[in-house]
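Sequences and hints are given; from them, build the entire structure.
6 protein chains.
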Amino acid sequence: MSRKGHFNAAHRLHNPNWNSEKNAEIFGKCNNPNYHGHNYDLIAHVTGEIDPDTGYVIDMKVLKEIMNEEVLDRYDHKNLNLDFEEFKSLNPTAENIAVVIWNRLRKRLENHLQLTVTLYETERNYVEYSGE
Amino acid sequence: MSRKGHFNAAHRLHNPNWNSEKNAEIFGKCNNPNYHGHNYDLIAHVTGEIDPDTGYVIDMKVLKEIMNEEVLDRYDHKNLNLDFEEFKSLNPTAENIAVVIWNRLRKRLENHLQLTVTLYETERNYVEYSGE
Amino acid sequence: MSRKGHFNAAHRLHNPNWNSEKNAEIFGKCNNPNYHGHNYDLIAHVTGEIDPDTGYVIDMKVLKEIMNEEVLDRYDHKNLNLDFEEFKSLNPTAENIAVVIWNRLRKRLENHLQLTVTLYETERNYVEYSGE
Amino acid sequence: MSRKGHFNAAHRLHNPNWNSEKNAEIFGKCNNPNYHGHNYDLIAHVTGEIDPDTGYVIDMKVLKEIMNEEVLDRYDHKNLNLDFEEFKSLNPTAENIAVVIWNRLRKRLENHLQLTVTLYETERNYVEYSGE
Amino acid sequence: MSRKGHFNAAHRLHNPNWNSEKNAEIFGKCNNPNYHGHNYDLIAHVTGEIDPDTGYVIDMKVLKEIMNEEVLDRYDHKNLNLDFEEFKSLNPTAENIAVVIWNRLRKRLENHLQLTVTLYETERNYVEYSGE
Amino acid sequence: MSRKGHFNAAHRLHNPNWNSEKNAEIFGKCNNPNYHGHNYDLIAHVTGEIDPDTGYVIDMKVLKEIMNEEVLDRYDHKNLNLDFEEFKSLNPTAENIAVVIWNRLRKRLENHLQLTVTLYETERNYVEYSGE
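Residue numbers (the numbering used here), protein chains in the order written: chain A, 537 to 668; chain B, 537 to 668; chain C, 537 to 668; chain D, 537 to 668; chain E, 537 to 668; chain F, 537 to 668.
Any given hint could be a false lead.
[What the hints assert, rightly or not] Some chain E residues judged to face chain D by a derived CB distance under 10 Å, without partners named: (1) L549; (2) W554; (3) P628; (4) T629; (5) A630; (6) V635; (7) E659; (8) R660.
[Stated by the list, open to error] Below, a list of computed lysine to any residue pairs in the SDA-like style, where the Cα atoms sit at most 25 Å apart: (9) D:K597 x D:V635; (10) D:K540 x D:E668; (11) E:K565 x E:W554; (12) E:K597 x B:R539; (13) D:K597 x E:S625; (14) C:K597 x C:L618; (15) B:K597 x E:S625; (16) B:K565 x A:N604; (17) D:K643 x D:L608; (18) D:K600 x D:E668; (19) D:K558 x D:E622; (20) D:K643 x D:K565; (21) F:K597 x A:V636; (22) E:K600 x B:V598; (23) F:K540 x A:D589; (24) F:K540 x F:I594; (25) D:K565 x C:G541; (26) E:K597 x C:H550; (27) D:K540 x F:L608.
By construction, these hints were calculated from the structure, which means they are not laboratory data. Computed from a prediction, not measured in an experiment: that's the story for all the values here. Where a beta carbon is used, it is the ideal one built from N, C-alpha and C, also for glycine.
Below, the structure written as structure tokens:
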């Protein structure tokens, strides 16, 4: 059972251990100090056994609530670098955001279920993370 | 080689071993006794060796015919609960429909090919099944 | 300002003034007496002057509420023929559903705004209605 | 001839003539002082006579260059409120951004051509502007 | 009532009244003498009064047949320049192909219906034609 | 990190060891001697460890350059059968094109990264290849 959602957020890529020339060289336009933004699309894929009573792997309404509480309502219309502890010292690349989201969703799911998250930064660029 | 198709069908989620309160609580709007419907999108993914004579894993025209006969023409514009034996005692959740479809397609494919089916109930919810 | 939403519903095309042969001939698979279903996608397009204080033609949150109350929550997971007065004597073709939806939304919008609705019955078939 | 492009940008909705309570009430999450972002999708529609020598209304490569220079390269990975004169005193709602883009493209096109721009703020919300 | 279909075809843009330098300059990669191809997506939009007996503007099954016979089956897997009289002396730009398709469909529709065709050459480039 | 691109190309399916009847029977419309075309969509999926300095698995700008040089600029607006050595004796089915693309991209990536390519021949048909 997979479910799609999205959130709009601003971010900036920056490594505080590098000078501004190196940051500009490596991160290019993504290093703009005034921040820029994305419509992130998130897909959570939950796999496991089908429950014989309900015919569900997971109730889609439950998955929807977890995604809204842990990710979509939390990050929507926010600035990832400025508004959240988790990105104070972690560069908000698509790769790192996906790992953070995976950890937030994973702790809310029953143990027998497996989770993969796919995060689209744009329609043409996306990352996938399954927990290791 | 993967191929996409779709069918429109009505269904209702209901467990006959539960009373109507429990059915309403678990299945919510999907328990509406007058049925409701979906445009199901189906993707069949067939993997295997490339045939050196044709350059094909499977001829797409053959896969199209099998999908039409076993799934798309069979279920299109039908009521899953009322019109088919296979859902008389099996709740037509996306998960269970995907398992039924996988079994119908699997028996029509040559043994050396592997099959995965992806079934979209809506653009935002889908399930995947590979045979176990 | 245009906004997209969707709802799942079952329907059946049938003209009570015709016998069953004529109904089957004209409406084909859509005449199946057990109903079938669609994931309808609806786009409401609202045009007018930009309000100089807000920069909005219409506040998207207001349009979202109107669409949810008048259409999406009302028809979602329902049977159009059985559950609604408006389709007791009106055949629920895409064309007629679009006219009904236009009338429901129109009466909730301020007079100086214009409205067009686009209704997708499937990804390949859709209708558009602007009020005459 | 219509052509699609996109750009990522941060923005914030705010009316400096209102106090912060009124701004929060009217603009909701879009008023977040740390900015948030969008992947804007832009479609430029150019209509006119077909040139008998080329068979073109407008050479798509020319339209692509104009869109890149005037809009896509200009706004991509930028903060609309902070980085551009044109939004210093104009609220960057989708409606106002579309008007600004229309004016930038219009002045680059030959007089006998007509222009409409469609701007998607998200997949579900978009605006259209044809010059009045 | 609008309906979508598609066809794959090869083409080459070339004006026989120009020398090869001018053709290369104006048409660029599209002038490749070995031909190249597109997956064309076609949308036919038919508007008119709703028939009170059927609830249809036009029966979608009829529109589907006309599109298949006049356009989709005719051009699919063909070379537009080499295989068809209509493009022997008419450059197969998206604009000109849309006009040809409009004329083929128009003559098959009843007089009281209006027709617009939208032709996508790629996901990012498309043209629209309504008959003048 | 996955990235999407596309190219338009003409091709023809043909096995020179078979006579024209057998070629027509097996490859159907795809055997048209005048060639036909496709808008191919390509997704390159690159997986591996996240670099702690950058937060990247691979810099998307680098992946974009490699895809453009090895595949998109190379094949766009070309005839696969006539314009390239690699398809002189290899039938350009979607399966074989995907293998060729995988080999071209693989040699440009660092050894610790894994690569999968997905190639869409049409919206409904696609193939996937991971290197064996």
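Each hint tested on the structure:
The closest approach between the C-beta of L549 (chain E) and any C-beta of chain D is roughly 7 Å, which is under the 10 Å cut-off, so the hint is satisfied. Look at W554 (chain E): its Cβ gets to within about 8 Å of chain D, closer than 10 Å, so that hint holds up. Taken as an interface hint, P628 (chain E) checks out: its beta carbon lies about 8 Å from the nearest beta carbon of chain D, inside 10 Å. This hint holds: T629 (chain E) has a C-beta 4 Å from the nearest C-beta of chain D, less than the 10 Å allowed.
Checking A630 (chain E) against chain D by beta carbon gives a least distance of about 7 Å; that is within 10 Å, so the hint holds. A hinted interface residue such as V635 (chain E) counts as satisfied when its beta carbon comes closer than 10 Å to some beta carbon of chain D; here the least separation is about 7 Å, so the hint holds. Look at E659 (chain E): its Cβ gets to within about 7 Å of chain D, closer than 10 Å, so that hint holds up. For R660 (chain E), the suggested interface contact is upheld, since its CB lies about 4 Å from the closest CB of chain D, less than 10 Å.
Our distance criterion of 25 Å between C-alpha atoms is met by K597 (chain D) and V635 (chain D), whose separation comes to about 23 Å. Between K540 (chain D) and E668 (chain D) the CA atoms are separated by roughly 22 Å; this keeps the pair inside 25 Å, and the hint holds. A hinted pair counts as satisfied when its Cα atoms are at most 25 Å apart, and K565 (chain E) with W554 (chain E) qualifies at roughly 16 Å. For the given pair, K597 (chain E) sits about 23 Å from R539 (chain B) by alpha-carbon distance, which is consistent with the 25 Å threshold.
Taken as a hint, the K597 (chain D) and S625 (chain E) pair is honoured in the structure, with Cα atoms around 24 Å apart against an allowance of 25 Å. Of the supplied pair hints, the one linking K597 (chain C) and L618 (chain C) is violated, its CA atoms being roughly 31 Å apart against a limit of 25 Å. Taking the CA atoms of K597 (chain B) and S625 (chain E), the gap is near 35 Å; set against the 25 Å cutoff, the hint is violated. For a cut-off of 25 Å, the pair hint linking K565 (chain B) to N604 (chain A) stands: about 20 Å separates their Cα positions.
Taking the CA atoms of K643 (chain D) and L608 (chain D), the gap is about 16 Å. The hint holds against a cut of 25 Å. Using a Cα cut-off of 25 Å, the hinted pair K600 (chain D) and E668 (chain D) holds, with the two alpha carbons roughly 24 Å apart. Taking the CA atoms of K558 (chain D) and E622 (chain D), the gap is about 24 Å. The hint holds against a cut of 25 Å. The hinted pair formed by K643 (chain D) and K565 (chain D) fails the criterion: a straight-line CA distance of about 35 Å is larger than 25 Å.
Between the alpha carbons of K597 (chain F) and V636 (chain A) the distance comes to roughly 23 Å, so the proposed pair stays at or under 25 Å and holds. This hinted pair checks out: K600 (chain E) and V598 (chain B) have alpha carbons roughly 23 Å apart, not beyond 25 Å. Proposed proximity of K540 (chain F) and D589 (chain A) is contradicted: the alpha carbons are some 41 Å apart, above 25 Å. In summary, the hint linking K540 (chain F) to I594 (chain F) is supported, as the alpha carbons are separated by about 15 Å, within the 25 Å threshold.
A threshold of 25 Å between alpha carbons decides the hint, and for K565 (chain D) with G541 (chain C) the separation of about 20 Å falls inside it, so the pair holds. Restraint check: the Cα-Cα separation between K597 (chain E) and H550 (chain C) comes to about 16 Å, which is no more than 25 Å; the hinted pair holds. Between K540 (chain D) and L608 (chain F), the direct Cα distance comes to roughly 19 Å. Compliance with the 25 Å bound is thereby established for this hinted pair.
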